[in-house]
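Student: As given, the protein sequences belong to chains A and B, one line each in that order. Quick note: the first sequence uses the working numbering, first residue 68, plus one each step. Quick note: the second sequence uses the working numbering, first residue 12, plus one each step.
Derived by calculation from the structure, the hints in this document are not laboratory data. Given the structure is predicted, the values throughout are model-derived calculations rather than measurements. Think of the CB as a built atom: it goes at the ideal place given N, C-alpha and C, for glycine as much as any other residue. Treat each hint with caution, since some may be false.
[Claimed, not checked] Cβ pair distances, simulated, as ranges:
1) B:Arg-49 - A:Pro-383: 48 to 56 Å
2) B:Gly-32 - A:Gln-103: 12 to 20 Å
3) B:Gly-32 - A:Ala-82: 38 to 46 Å
4) B:Pro-20 - A:His-410: 52 to 60 Å
5) B:Arg-84 - A:His-410: 56 to 64 Å
6) B:Ala-33 - A:Ala-82: 23 to 31 Å
7) A:Pro-383 - B:Arg-84: 55 to 63 Å
8) A:Met-189 - B:Ala-117: 48 to 56 Å
9) B:Ala-133 - A:Val-72: 20 to 28 Å
[Said to hold, decoys possible] Derived list of chain A stretches under chain B, where covered just means 3 residues or more per stretch with a C-beta under 8 Å from a C-beta of chain B:
10) 117-129
11) 269-278
12) 306-319
13) 406-414
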Amino acid sequence: MYVAVKGGEQAIDAAHRWMAEERRGDPALPEITPAQISEQLGRAVDRVMAEGALYDRALAARAIRQAQGDLIEAAFLLRAYRATLPRLVDSEPVDTGAMRAKRRISAVFKDLPGGQRLGPTMDYTHRLLDPDATGPAAPEPAPPEPPPGEPAPAEPPPPAALPRVMAMLGADALIEPDGDPAPAAADLTTAPLGFPAPRPLRLQALARGDEGFLLALGYSTQRGYGNNHPFVGELRVGEVAVSLVPPELGFAIEIGEITLTECEMVNQFAGSRNVPAQFTRGYGLCFGHADRKAIAMALVDRAMRAGELGEDVTAPAQQVEFVLSHCDNIEATGFVEHLKLPHHVDFQSELETIRALRAAAGDDDATL
Amino acid sequence: MNAPSPARPAWLGLLARAPRGAIEPLLAEAPALPGFIRLRGPEIGMSMVRGRAGGGGAAFNLGEMTIARCSIRDEDGFVGHGYVAGRDGALAELIARLDAALQNAARHASLHAAVLAPLAAAEATRRAADEARAAGTEVRFFTLATMR
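Isolated chain A (complex conformation) (with noise of 0.2 Å):
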């Protein structure tokens, strides 16, 4: 039990004045402004808009500058928030398949239909740290673009909306469709996490799930705890439109766009003596730019179905309570720090219960 204390206001008050000193820095350098945060660490922005669960750049860009870069926090105050906006209306769910993609690979096909690209990426990188202590070399210029107001030079019209590599395997039957198209219903925003938990309501967990968290889970599959041998079908990044139907109007309008990660993980098989032999799924969808995220919620996804899939339920991953219990950061971090916090009463009685403990067996060994 925690016993509340009181006092302490003008050392608190002190340590916050020396806390905001030490976010500024050395004010003989430029303050940083959240427009630079958002343009030159997106991937951090991706991140806490994540994992506070709220799709605002800018806001996440002053959170992570208030946080002094630590990203929990930052989603935390994001969180905070988002608690005192009120839901106007929701949206009609994305379609990833029209998504303008910016990357989009595929682990099992060489060839498909639309190509691969890798957009802006890490990868194949040699992860060597830049020697120049000014930072990384200013980009080569890009291609010349057409000047504004001409038309773009003639070429072929864009291709239409990438062809979804599940589609091509669900079209042999090779692999498990999408299922019941049902509208959402459980919400974490506004109802508690409850048990047995259906797969919406867990990809909404994993979505805003600790990235940290389900990277280890997932590379806990990989190494033999809840393995189902996944290959990456697609993962792709862009831009997808986001639409919602207001009330008064009656019909679906766009708002704007945001970005967003997919991958969809092709699994080994499941199948019956009525079901012929199909590759598995596993989904993973979130905001910004986020490959690892995206990759280790479909691996974690994958291993909560077992249950489902007829898979015996031994790892931790597979286990729907254990995981979704422990994947939000912003309840994690709330319990584990509160542990800094005075516990001077609590300690006071279990000291003297360890006292009257020693003293009872003291007196046990007089008796004898």
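Put chain B on the given structure of chain A with help from the hints.
Tutor: Then chain B, alone, in the frame of chain A:
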């Protein structure tokens, strides 16, 4: 008066997708928008973004995004609604004013020419450039003889 024209979702989407600050300069060249009264907002809130398991299966709640919205009635009697990603209430109000004026047949053509057409052209140019850049990273892998 508020009957949806087939073009209305298209212009509302185009205005919402326009980059920040792109609309105002175009309005400088257009006939002035009529006066208006606010019916609701501008207000800032959120929308829950949904995905689908596997891309096409059961919908799930992916996470929220900030949105701004505003509804107005202009002097001509048209009601306009603006919805846009982010927290720019003034932009939502501007979109609502344009939405109302674009429903007015007497104003539609000039506003279409001054605002919608340039926005659509800029968007097409931007998208073509993005697509060309992405296509420039298109990769063909070659499978080597077995390495086992």
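Student: All the hints need checking, so say for each whether the structure fits it.
Tutor: The hints, checked one at a time:
1. B:Arg-49 - A:Pro-383: 48 to 56 Å: holds (54 Å)
2. B:Gly-32 - A:Gln-103: 12 to 20 Å: Holds, at about 18 Å.
3. B:Gly-32 - A:Ala-82: 38 to 46 Å: Taking Cβ atoms as reference, B:Gly-32 and A:Ala-82 lie about 41 Å apart, which means the hint holds.
4. B:Pro-20 - A:His-410: 52 to 60 Å: Since B:Pro-20 and A:His-410 have Cβ atoms about 58 Å apart, the given range 52 to 60 Å holds.
5. B:Arg-84 - A:His-410: 56 to 64 Å: 60 Å Cβ-Cβ, so the 56 to 64 Å window holds.
6. B:Ala-33 - A:Ala-82: 23 to 31 Å: About 45 Å separates the Cβ atoms of B:Ala-33 and A:Ala-82, which means 23 to 31 Å is violated.
7. A:Pro-383 - B:Arg-84: 55 to 63 Å: holds (58 Å)
8. A:Met-189 - B:Ala-117: 48 to 56 Å: Since the Cβ atoms of A:Met-189 and B:Ala-117 sit about 55 Å apart, the hinted range of 48 to 56 Å holds.
9. B:Ala-133 - A:Val-72: 20 to 28 Å: Given a distance of about 59 Å, which is not inside 20 to 28 Å, the answer is violated.
10. 117-129: With 7 residues close enough to chain B, the hint holds.
11. 269-278: With 4 residues in contact (Cβ-Cβ under 8 Å with chain B), the coverage given for the stretch 269-278 of chain A holds.
12. 306-319: holds (count 10)
13. 406-414: violated (count 0)
Comparing the model with each earlier hint shows violations of hints 6, 9, 13; every other hint is respected.
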